[in-house]
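Undergrad: Okay, here's what each chain looks like letter by letter:
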Amino acid sequence: MPEPDDPPLLEAITGATCRALLQAERVLPDDVINAIRRARQAETTPIAREQLDRILENITLARESSVPLCQDTGVPVIYLTLPADVPFTRGILDALADGVRRATGAVPLRPNIVDPLTRENTLDNTGPGMPAVHVRPGEYLEITVLPKGAGAENLSRIGMLLPAETDRIEAFVAETMLIAGSRPCPPVVLGVGIGSTFDGAAALAKEALLLPIDTMNPFEEQLCGAVNRLGIGPMGLGGKVTALAVKVKKAHCHTATLPVAVNVQCWACRRATVRVEYRS
Amino acid sequence: MNLTTPLGDEVLRLSAGERITLSGTVYTARDRAHARMCTQGIPFNPQGAAIYHSGPIVCADRIVAAGPTTSSRLDRYTGFLMDAGVRALIGKGGMGASSVAALQGRGVYLACPGGCAPLAASHMALEGVLWEDLGMAEAVWVIRLDRLPLIVGTDAHGGDLFSAVHAEAARRYADAYGSGIASCRNPGPAD
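If you read the protein sequences in the order shown, they are chains P and V. Number 433 in my numbering belongs to position 171 of the first sequence; there are no gaps in the numbering. Number 54 in my numbering belongs to position 32 of the second sequence; there are no gaps in the numbering.
Treat the hints with care, since some could be wrong.
[Unchecked claim] Some chain P residues judged to face chain V by a derived CB distance under 8 Å, without partners named:
hint: 1; residue: N374
hint: 2; residue: N383
hint: 3; residue: R398
hint: 4; residue: Y402
hint: 5; residue: G413
hint: 6; residue: A436
hint: 7; residue: L440
hint: 8; residue: G443
hint: 9; residue: S444
hint: 10; residue: I494
hint: 11; residue: G498
Think of the hints as simulated: they come from the structure by calculation, not from any bench. Every value quoted in this text rests on a predicted model; they were computed, and no experiment measured them. From the three backbone atoms N, C-alpha and C, an ideal C-beta is built for every residue, glycine too.
Please build the complete structure, drawing on both the sequences and the hints.
TA: As structure tokens, this is what we get:
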């Protein structure tokens with residue numbers, strides 16, 4: 263069992279965070295690439311096909327040249343699982359931030375993180391409350407990164423629906439995409455959080471983006487169908503595929519509430535997981 | 023058709039949906055650079071200029087990745103830029119009705135596929151930088167384009183691909199759910 267804040271453990275966490283960002287920024291997961299290829303097959307107009315052809319060409323170029331897929335290397339969101347023998351400490355949070363700083367030079371990441379009011383840039387993609395870290399217990403020490411681009415993040419939305427409005431969830435999700443329109447770089451992935459609390463629904467929506475998008479349950483299929491019937495299409499230029507997938511996560515909520523959050527994700531659904539081997 | 027900056031009246035003959043390539047010098051600008059232009063003036067010759075809505079990754083004087091950012095954030099500046107003689111705005115996602123109006127008879131909006139950053143960068147060479155104090159994402163980078171493929175999103179006659187798609191999407195939404203906003207009603211105090 264490692265001592266709390268054991269230096270080799272912290273270094274392993276920093277290194278793994280940097281490696282996860284290197285992977286996520288340059289190589290899209292197979293389920294996402296396959297979904298984009300399926301979208302290319304589904305589209306019938308030259309303009310929609312051309313957008314997806316360029317996206318697929320860009321995915322190959324980024325991987326082969328070892329450069330980021332998008333100049334917006336995103337805001338660093340990290341999901342950490344800790345096994346029972348690793349205590350959660352301030353030192354671990356610092357090690358994750360160090361991993362983001364290291365990745366800023368190594369990937370390279372664009373310096374994106376600023377004070378919300380002065381807009382002063384920290385230049386290293388960290389700052390108070392950044393990276394955003396979510397911790398849960400797990401069998402292994404694993405670091406999952408979800409570098410989230412701002413164009414799509416800006417179109418995300420939460421609604422405190424009435425408890426009787428479960429039949430309006432589909433309309434809320436479709437409306438969120440209607441408002442977003444061409445702006446979030448469609449075809450998008452929509453993470454939908456239903457239940458919990460005001461803040462909890464938003465967290466669920468983001469976690470839903472970690473789920474593989476090659477399968478959807480019937481409810482997710484229903485929501486995805488509703489979004490795709492809008493016809494916004496690749497890059498908002500019209501087409502059959504506006505959403506590659508809709509993924510839903512639920513939690514129980516107060517009897518008087520129905521929180522519904524939609525986290526909009528561009529086609530570059532970047533995520534990567536690295537397991538930290540720390541047991542000697 | 024290949025166009026080269028500085029641009030002139032040839033942009034007035036373009037139609038929404040047309041594919042072109044663009045060569046010559048362009049200038050990146052995002053939120054902070056646009057805001058500063060309004061108070062300090064445009065830091066380059068705007069006559070016939072093309073502005074690229076982008077915050078590239080630049081590493082050792084090389085453009086690594088430079089896809090477009092969301093253009094509609096910059097709607098409020100389109101009239102000011104057209105008044106100054108700018109002829110083309112390049113970005114993603116299209117622009118709002120005020121920009122479509124401001125472009126009429128003066129300039130065009132050119133759409134680049136969002137997120138395709140290394141692909142766009144493969145058509146670019148870095149020439150310089152202005153207002154570098156704004157930081158990598160917000161500085162005005164001076165870039166030489168070599169036949170960057172673009173689609174005319176908004177032409178100088180009110181033709182706009184994005185608003186046509188949006189109007190159809192809004193009609194389909196209203197057909198399915200009615201025109202009311204489904205969300206954001208305050209259900210009153212919970213017990």
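Undergrad: Confirm or reject each hint.
TA: Consistency of the hints with the structure:
1. N374: 6 Å, holds
2. N383: P/N383 check passes; min Cβ-Cβ to chain V is 5 Å, inside 8 Å.
3. R398: 28 Å, violated
4. Y402: 32 Å, violated
5. G413: 5 Å, holds
6. A436: With Cβ-Cβ at 6 Å, under 8 Å, it holds.
7. L440: 5 Å, holds
8. G443: With a minimum Cβ separation of about 5 Å from chain V (threshold 8 Å), the hint on P/G443 holds.
9. S444: 4 Å, holds
10. I494: 5 Å, holds
11. G498: It holds, given that the least Cβ distance between P/G498 and chain V is near 6 Å, below 8 Å.
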